[in-house]
Amino acid sequence: MDTLQLMKIRHSVRQYTEQKIEGETLEKLKAELRSAEEKSGLSFQLLLDEPGAFDCFLARKLNFKNANNYIAITGKKTFENEMNAGYFGTEIVLKAQEMGLNTCFVGGTFSRKKAKYELQSGEKLLCIIAIGYGETQGTPHINCSIDKLCDFRGDMPPWFMKGMDYAMLAPTAMNDQKFCFILRNGNEVKLVPRGGHCKGVTLGIVKYHFEAGAGKENFVFV
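For the sequence shown, position 166 matches number 166 in the working numbering, and the numbering has no gaps at all.
The hints are simulated quantities; they were obtained by calculation from the structure and are not laboratory data.
Even glycine gets a Cβ: it sits at the ideal position worked out from N, Cα and C.
Mixed in with the good hints, there may be bad ones.
What the hints assert, rightly or not - Straight line, CA to CA, 30 Å or less: simulated DSSO-like cross-link-like pairs of lysine-lysine: (1) K39 x K113; (2) K30 x K190; (3) K114 x K199; (4) K20 x K113; (5) K116 x K65; (6) K114 x K95; (7) K190 x K39; (8) K28 x K65; (9) K30 x K114; (10) K216 x K114; (11) K95 x K216; (12) K65 x K124; (13) K28 x K216; (14) K113 x K199; (15) K113 x K65; (16) K124 x K30; (17) K190 x K216; (18) K116 x K28; (19) K61 x K114; (20) K65 x K162; (21) K76 x K114; (22) K148 x K114.
To be verified - Label pairs and their in silico Cβ distance ranges: (23) Q19 x D147: 41 to 47 Å; (24) D147 x G215: 38 to 44 Å; (25) Q5 x T136: 33 to 39 Å; (26) E27 x N187: 38 to 44 Å.
Let the sequences and hints guide you as you build the complete structure.
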């Protein structure tokens with residue numbers, strides 16, 4: 001299944017079964033995490049059978065269930081690293097979907113005190129991704145209208161339209177979709193935040209989606 005198909009079927013999942021991640025699936029997942037570390041310069045830590053992170057009021061309020069596995073993405077807290085956490089985290093969640101796993105990007109609805117990730121000197125936790133076998137495949141989120149998420153002049157090029165279609169599939173904090181793609185000079189695209197939570201991580205996620213839909217050969221980010 002190609003990346004665009006995976007983006008269409010992948011939805012955030014908060015309720016998981018008790019099935020363990022093991023065997024060939026676990027080895028493939030670990031390989032993908034190592035690849036993400038090499039490309040991003042960040043640490044992708046896989047915590048299995050560790051229920052503490054989601055043993056808190058906010059997680060229960062948002063109906064997390066059996067969220068006993070997660071990926072902690074850590075590194076120095078810069079805006080670039082936050083974007084890379086979202087960008088390469090998206091690559092991981094799509095690979096996980098292809099393996100039959102389900103995922104959910106998590107900003108603040110977990111317990112930092114009970115989570116078991118490790119930090120090196122000068123590092124911070126950038127993002128957590130819950131992962132496991134979902135009770136369901138999740139449901140599509142509600143989108144803002146496309147004219148609120150982009151800015152262009154004249155006719156919208158087909159590649160830009162396709163990029164926006166896939167950017168709108170991207171998960172964002174609280175589903176707020178606080179981003180805007182600005183098209184200028186034919187093929188120059190600028191991605192800017194419009195407030196919201198987890199700005200860097202969110203921009204990294206939507207950037208990955210837009211690139212996959214639009215095709216990197218059709219534009220340049222400025």
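To see whether the hints hold, each was checked on the structure:
| no. | hint | in the structure |
| --- | --- | --- |
| 1 | K39 x K113 | holds (29 Å) |
| 2 | K30 x K190 | violated (33 Å) |
| 3 | K114 x K199 | holds (24 Å) |
| 4 | K20 x K113 | holds (24 Å) |
| 5 | K116 x K65 | holds (18 Å) |
| 6 | K114 x K95 | holds (27 Å) |
| 7 | K190 x K39 | holds (23 Å) |
| 8 | K28 x K65 | holds (25 Å) |
| 9 | K30 x K114 | holds (23 Å) |
| 10 | K216 x K114 | violated (40 Å) |
| 11 | K95 x K216 | holds (20 Å) |
| 12 | K65 x K124 | holds (26 Å) |
| 13 | K28 x K216 | holds (27 Å) |
| 14 | K113 x K199 | holds (23 Å) |
| 15 | K113 x K65 | holds (19 Å) |
| 16 | K124 x K30 | holds (21 Å) |
| 17 | K190 x K216 | holds (14 Å) |
| 18 | K116 x K28 | holds (22 Å) |
| 19 | K61 x K114 | holds (17 Å) |
| 20 | K65 x K162 | violated (35 Å) |
| 21 | K76 x K114 | holds (21 Å) |
| 22 | K148 x K114 | violated (39 Å) |
| 23 | Q19 x D147: 41 to 47 Å | holds (42 Å) |
| 24 | D147 x G215: 38 to 44 Å | violated (22 Å) |
| 25 | Q5 x T136: 33 to 39 Å | violated (19 Å) |
| 26 | E27 x N187: 38 to 44 Å | holds (41 Å) |
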